[in-house]
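Numbering (our numbering), first residue to last: 1 to 714.
The hints are simulated quantities; they were obtained by calculation from the structure and are not laboratory data. Positions of the beta carbon are idealized from the N, C-alpha and C atoms, including for glycine. Incorrect hints may have been included.
[Claimed, not checked] Taking lysine to any residue pairs in the SDA-like style, the calculated list, with each CA pair at most 25 Å apart, reads:
| id | residue 1 | residue 2 |
| --- | --- | --- |
| 1 | LYS452 | PHE688 |
| 2 | LYS712 | ILE582 |
| 3 | LYS87 | GLU669 |
| 4 | LYS707 | GLN232 |
| 5 | LYS702 | HIS675 |
| 6 | LYS702 | PHE687 |
| 7 | LYS87 | GLN232 |
[To be verified] Pair ranges (Cβ atoms, derived):
| id | residue 1 | residue 2 | range |
| --- | --- | --- | --- |
| 8 | ILE674 | SER270 | 47 to 55 Å |
| 9 | GLY653 | SER584 | 56 to 64 Å |
| 10 | GLU669 | TYR352 | 17 to 25 Å |
| 11 | ASP262 | GLY600 | 30 to 38 Å |
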Amino acid sequence: MSEQIFILFLLWSLRVADTTTGSWRQCADLPPLDLLSFVLERDTSKLVSGVHVEQSDGVRGVHFLSPDAFMSFPSSQLLVNCDLFPKQFSIVSTFKVNHIAPKRNEYIFSLLEPKHGEKNAAQDMEDTLKKDKKMNLSGEEQQMKKKPNRKHEEPGRVILGLKLSQSGLHFFFKGRQEAVERGMFRGISLDDNQWHTLILVVQHHHVRLTVDCKSPLEIVPARPFPSDLNIQGSRVHVGSRGRWKGLFSGLLRQLVLVPNVDTAYQMCPSSDPQLAALSVPPLLLDLPVGTQQDDRRTTSSESMQQVSVGLESSCSELLQGQLWFDPLKRGLYLCNGSSWITVLEDHKRLDYVLEHQVLSTSSETHDVEVFQIPGVGLMAAMAHRSSASGSAVYLWTHSGFQLYQNISTYGALAWRHFRMGKRMFLVVSNSGAGTDKQLNKESEMDFSVIYKWSNRRKRFVQFQMLQTYCARDWEAFSIGQHTYLAVANHRQGNNNHTINSVIYRWSRSTKSFEVHQLLLTSGAYDWEFFTVGPYHFLVVANAFDGVTTSVDSVIYVWMDGRFHVFQTIKTFCATDWEMFQIGSRVFLVVANGHRLDGNGPSQYTINSTVYELDMSGRMFVRFQDIVTHSAVDWEFFSLGEEYFLVVANSYSGESYSLNSILYRWQGYEGFVPIHWLPTIGCSDWEFFSSKGESYLIYSSAKAPLTKIFKLKTY
1 MSEQIFILFL LWSLRVADTT TGSWRQCADL PPLDLLSFVL ERDTSKLVSG
51 VHVEQSDGVR GVHFLSPDAF MSFPSSQLLV NCDLFPKQFS IVSTFKVNHI
101 APKRNEYIFS LLEPKHGEKN AAQDMEDTLK KDKKMNLSGE EQQMKKKPNR
151 KHEEPGRVIL GLKLSQSGLH FFFKGRQEAV ERGMFRGISL DDNQWHTLIL
201 VVQHHHVRLT VDCKSPLEIV PARPFPSDLN IQGSRVHVGS RGRWKGLFSG
251 LLRQLVLVPN VDTAYQMCPS SDPQLAALSV PPLLLDLPVG TQQDDRRTTS
301 SESMQQVSVG LESSCSELLQ GQLWFDPLKR GLYLCNGSSW ITVLEDHKRL
351 DYVLEHQVLS TSSETHDVEV FQIPGVGLMA AMAHRSSASG SAVYLWTHSG
401 FQLYQNISTY GALAWRHFRM GKRMFLVVSN SGAGTDKQLN KESEMDFSVI
451 YKWSNRRKRF VQFQMLQTYC ARDWEAFSIG QHTYLAVANH RQGNNNHTIN
501 SVIYRWSRST KSFEVHQLLL TSGAYDWEFF TVGPYHFLVV ANAFDGVTTS
551 VDSVIYVWMD GRFHVFQTIK TFCATDWEMF QIGSRVFLVV ANGHRLDGNG
601 PSQYTINSTV YELDMSGRMF VRFQDIVTHS AVDWEFFSLG EEYFLVVANS
651 YSGESYSLNS ILYRWQGYEG FVPIHWLPTI GCSDWEFFSS KGESYLIYSS
701 AKAPLTKIFK LKTY
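Using the sequences provided together with the hints, build the complete structure.
Following this line, the structure appears as structure tokens:
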């Protein structure tokens with residue numbers, strides 16, 4: 001590309017750079033969403049109102065008494081951080097229906113948009129139920145005969161739904177121009193008083209239905225399922241459409257939404273196809289002994305062997321003795337009345353990742369930087385929280401990392417290693433007061449320090465101090481013959497987050513780093529530099545503007561000796577960017593920490609996102625969403641011809657002890673989870689190799705320890 005064409009491309013890019021304008025977050029890479037468990041297990045000590053559990057043919061299901069508000073919930077509670085419904089998905093449902101009256105429709109589930117300017121569906125239902133009670137109607141028959149108020153009959157228009165009638169199964173969704181598109185599977189008998197498991201798979205132009213693992217039926221809707229189905233403010237209703245008319249009359253045992261996966265291949269064939277299970281609520285699996293006559297469940301021992309398969313649920317006294325199998329962890333667990341006890345685990349996964357070393361540190365560690373010093377060996381600099389003990393540099397030996405040097409730091413948050421020619425350097429991000437405490441108190445600044453490796457002393461020695469403001473990260477890079485350092489200034493004082501971060505350039509005349517460019521940032525957390533062809537980019541992770549974590553992170557491009565805005569991307573407390581390439585494809589992945597707007601509660605379980613560089617569109621576009629738990633770091637690495645990402649999950653909203661997850665590149669499927677690593681307040685991951693062996697090291701911001709895992713590559 002000529003220089004003139006590139007300049008024109010940049011001018012065009014600056015006009016369309018903001019990917020958040022007119023764009024929506026697409027649901028992707030979500031786990032199976034158990035809708036029935038979600039509403040039944042809000043309080044495991046009792047059954048929610050509006051339903052009761054019945055048993056038929058030795059199998060339990062839920063019978064709906066009313067379209068109760070407890071059987072609905074905002075879609076945002078499960079489809080976290082999503083504006084659009086998944087483009088492809090499966091719906092798994094197990095139910096039993098005795099008879100459906102002519103001209104009657106019964107809704108298995110529905111997704112309704114809110115009515116503008118009126119009460120939402122939950123409020124409408126609650127008002128309706130209050131009026132029912134005032135009228136002193138008794139019994140289900142009288143309630144069903146009651147004529148609903150017209151005002152409450154339409155809680156909202158249909159976005160998506162699944163319903164039964166005498167003529168068959170209906171699948172419908174909102175298409176273009178607000179029109180409702182419908183598809184019907186005819187010629188199937190589902191109201192025959194038998195249990196049936198349905199797997200509905202929606203893939204743009206095709207909708208396929210598998211009943212009891214038999215040969216699938218397929219229909220082609222008049223219009224394809226939309227890729228931009230907006231679900232903002234929508235509400236999920238289980239067993240109804242949010243009103244009395246259309247209430248599901250049968251027993252419902254299973255209702256699972258699986259984004260982006262054809263579940264039929266996972267569930268079929270099955271030894272019990274009419275009750276094929278993906279995720280059944282444990283409440284419906286704990287069967288009483290000796291009450292069934294059907295040969296499906298005949299002995300107490302068979303009853304005791306009932307196993308819940310699928311998503312983890314809370315263990316309570318009601319579920320004591322219940323077995324649960326987690327297909328992802330490949331473990332079998334028993335509920336003792338308060339917690340899940342391990343019965344059997346698949347230890348074959350330990351042949352893949354082995355715990356190699358548990359390193360006790362002098363303090364909690366926010367960051368670890370692994371690097372090589374020629375003639376000395378592999379080293380790791382750890383940013384310790386405690387100013388009293390300072391930070392430490394470790395040297396790799398045959399048994400693992402051993403303490404090599406202590407360095408005085410003040411609330412260290414990150415280290416960055418870089419080199420200029422043959423000279424080796426380390427720069428630390430200090431977030432606490434240095435030696436001149438009075439100066440720091442008045443100016444609200446800190447001093448971060450550059451250290452130089454001394455070949456004579458075999459130690460890092462202080463080289464230069466730089467004024468920073470709660471520095472979160474340093475990034476070192478070279479462009480042409482010049483070396484640059486970028487610091488992420490997080491905040492000035494306790495409240496001012498919108499401040500300048502600084503680009504420094506090495507001056508050959510003064511033999512020091514000098515200010516080259518100021519860039520306005522909002523709670524900056526991380527810098528990532530990368531090069532694509534002849535072009536240089538720098539992306540900042542903006543975390544907070546003082547009010548909300550929903551802020552734009554910015555990608556800059558180098559032109560005429562300075563960085564210019566190339567593209568902005570909406571992020572949510574962005575804490576890290578990681579650039580990587582797979583073949584000729586260029587990706588950026590962001591770690592989103594949490595969502596906070598004003599005085600509302602924080603959401604820690606949200607999507608982090610992988611973006612891919614669209615060469616034709618000259619911008620990064622969303623490639624894959626991955627659910628994370630207050631993610632603070634991504635690390636990309638490769639082994640042979642395989643590619644991996646590992647995320648640092650730090651907090652779930654309730655606990656710092658949770659799994660960080662290792663993902664493997666699967667081509668068309670993107671990154672899929674393959675290994676779960678138990679961590680405590682995980683703050684950073686680094687990949688390194690030594691003598692032909694590969695390792696992962698993680699630091700903990702909540703415990704004085706660091707762990708090293710060895711990767712088995714055979």
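Can you let me know if the beta-carbon spacing of ASP262 and GLY600 is within 30 to 38 Å? 37 Å, holds
Hint says 17 to 25 Å; check whether the CB-CB distance for GLU669 and TYR352 agrees. 19 Å, holds
So if I understand the rule, the pair passes when the alpha-carbon distance is 25 Å or less; does LYS452 with PHE688 pass? 22 Å, holds
Is the hinted pair LYS707 and GLN232 satisfied, with a Cα-Cα distance of at most 25 Å? Violated - the C-alpha atoms of GLN232 and LYS707 are around 41 Å apart, more than 25 Å.
Could one say that the CB atoms of GLY653 and SER584 fall in the range 56 to 64 Å? Violated, at about 39 Å.
For a C-alpha distance cap of 25 Å, please report whether LYS702 and PHE687 respect it. Given that 25 Å is the threshold and the Cα spacing comes to 21 Å, the pair holds.
Are LYS712 and ILE582 close enough, with their CA atoms no more than 25 Å apart? 22 Å, holds
Does LYS87 pair with GLU669 here, judged by a C-alpha cut-off of 25 Å? Holds. LYS87 to GLU669 sits at ~14 Å (cutoff 25 Å).
Could you grab the alpha-carbon distance between LYS87 and GLN232 and see if it respects the 25 Å cut-off? Holds - the C-alpha atoms of GLN232 and LYS87 are around 15 Å apart, at most 25 Å.
Using the C-beta atoms of ILE674 and SER270, is the stated range 47 to 55 Å upheld? Violated - the Cβ-Cβ distance for ILE674 and SER270, about 25 Å, lies outside 47 to 55 Å.
For the pair we were handed, LYS702 and HIS675, check the Cα-Cα distance against 25 Å. 22 Å, holds
Of the numbered hints given earlier, the model fails hints 4, 8 and 9; all others are met.
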